[in-house]
Amino acid sequence: MKWDISSMDSWKTEDFPLGAVIPEAGNSQYYRTGGWRSDRPFRNIETCTDCLICWIDCPDSAIRVADEKIAEDWLDLDHCKGCGVCANECPVEAITMVPEGCELPEVK
Amino acid sequence: MAEVKTVATTGNLVVAEAMRQCKPDVVAAYPITPQTTIVEEYAKFVAQGRVHTEYVTVESEHSAMSACIGASAAGARVMTATASQGLALMWEELHIASGMRLPIVMANANRALSAPINIHCDHGDAMGARDTGWVILFAETAQEAYDNTIICLKVAEDPEVLLPAMTCLDGFITTHSIDRIELFDDETVADFVGEYEPANALLDTDSPVSHGCFAGLGGPFFEFKKAQRLAIDRSKGVVERVGAAFSELSGRPFGLVESDMMDDADLAIVVIGSTAGNARHVAKEMRAQGVKAGVVKVRCFRPFPQAELVAALKDAKAVAVLDRAESFGAEGGPLYLETRSALYDLETRMPVVNYIYGLGGSDVRLELIRQVYSDLSDIVSGSASPSGLVYLGAR
Chain Y
1 MKWDISSMDS WKTEDFPLGA VIPEAGNSQY YRTGGWRSDR PFRNIETCTD
51 CLICWIDCPD SAIRVADEKI AEDWLDLDHC KGCGVCANEC PVEAITMVPE
101 GCELPEVK
Chain G
1 MAEVKTVATT GNLVVAEAMR QCKPDVVAAY PITPQTTIVE EYAKFVAQGR
51 VHTEYVTVES EHSAMSACIG ASAAGARVMT ATASQGLALM WEELHIASGM
101 RLPIVMANAN RALSAPINIH CDHGDAMGAR DTGWVILFAE TAQEAYDNTI
151 ICLKVAEDPE VLLPAMTCLD GFITTHSIDR IELFDDETVA DFVGEYEPAN
201 ALLDTDSPVS HGCFAGLGGP FFEFKKAQRL AIDRSKGVVE RVGAAFSELS
251 GRPFGLVESD MMDDADLAIV VIGSTAGNAR HVAKEMRAQG VKAGVVKVRC
301 FRPFPQAELV AALKDAKAVA VLDRAESFGA EGGPLYLETR SALYDLETRM
351 PVVNYIYGLG GSDVRLELIR QVYSDLSDIV SGSASPSGLV YLGAR
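Residue numbers (the working numbering), protein chains in the order written: chain Y, 1 to 108; chain G, 1 to 395.
Heads up, none of these hints are tricks.
Straight-line alpha carbon distances no greater than 30 Å define the calculated DSSO-like cross-link-like pairs of lysine-lysine that follow:
| no. | chain 1 | residue 1 | chain 2 | residue 2 |
| --- | --- | --- | --- | --- |
| 1 | G | K226 | Y | K12 |
| 2 | Y | K81 | G | K225 |
| 3 | Y | K2 | G | K225 |
| 4 | Y | K12 | G | K225 |
| 5 | Y | K2 | Y | K12 |
Source of the hints: derived by calculation from the structure; they are not laboratory data.
Here the structure is a predicted model, which means the values were calculated and not measured.
Okay, chain Y solo, but in the shape it has when bound:
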């Protein structure tokens, strides 16, 4: 990462780039959107067919894939903002949205 924003909180006006430009490509992965989340997706691994539609449709690339299957550590919680697109698009209803801070439903 060539644009070091680790000390941005202490930057002065003159330290910010001209016109709010971001002087580096592809760094949105460093911007964490997970804090916006009120609901998180819960995946029933017995129903899931690994079709990867959720991975394709996730607007934040927050779903992880390994060996062409949904990964065991499947959800990037730093970036999942709880939009629910995955739950809506899942063709086998394997994903449900559960409120953050509540107990997860029991996995059968």
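Given the coordinates of chain Y, work out where chain G should sit on it, guided by the hints.
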């Protein structure tokens, strides 16, 4: 040495000529009276192959300024022109252009805003854009419109500034009347404005950047606005410097504020645009009658030249500010509010009165200017008290 050609033509045609000589990469524009002949003439230059500009015909002024912003972010030198309702339709993009620090130059043919619909001159359009972060110059004559357009480009693109700039000329009075104008040869203008080196070009694939980013709650939005304020404050020195350099080439004066007969003036008129000529004419008449009258023309409205205005007015006994724009509900017009505020720090404050005049092209006859000096004279002699806002010549 600069070659000069003297021509008889209109303000709009020399603005188009100045644009051609500045060689913009992109012009995106939509025609609107009384600006139309600027973009019409420019389209002709493109059709004739006299410029290599990408000329984008858009469906509205909202799109025109949006296309200009995109092109400028891409790294192009960008110019456009508009007037009145067109400028109003661009309102949100005006803020975006300045916030993104894009040095777009736009001519504005000053025209009244509806309703009732009217196509003639007043400054309501540009004054409505006075807080959008653009550098704003006003021309008195077609010659000044040509000069200001070139000056605006060099100011906007200065690395110390990088803000959009508006070059205003009075609708019909200056845009369409034929005047005697001195034009530079192409090379002189090209050398004067120089090559544009964009700071953050999207098309520079070796240094990829993102434009139009988010700076929300808790983010540095506040600091970006402060940076914009610092830039427009710095632009004052740049306008002066570029104006002085241009003046050296042209032999014509350039000032943020231009004073006439003010050295010993008791009665001063502060004015913007073509009416400065009427005021000067009447001031000379008054001088012939032994009245010490003077005129202060504000050529650069943004950044506002407080110090220069104070220096010009400080010894006057009474000041009349002529506004060709309303600021409905305020104490007076925009120029009045800022002039009066600038004078607040003087130890001895003179009476400052406000006249709204010439809205929608309402004729500015010499007797109206005579009335202003006569009112000032009565205030100084004590035979009249300073009055509130006056609609000069209204029935």
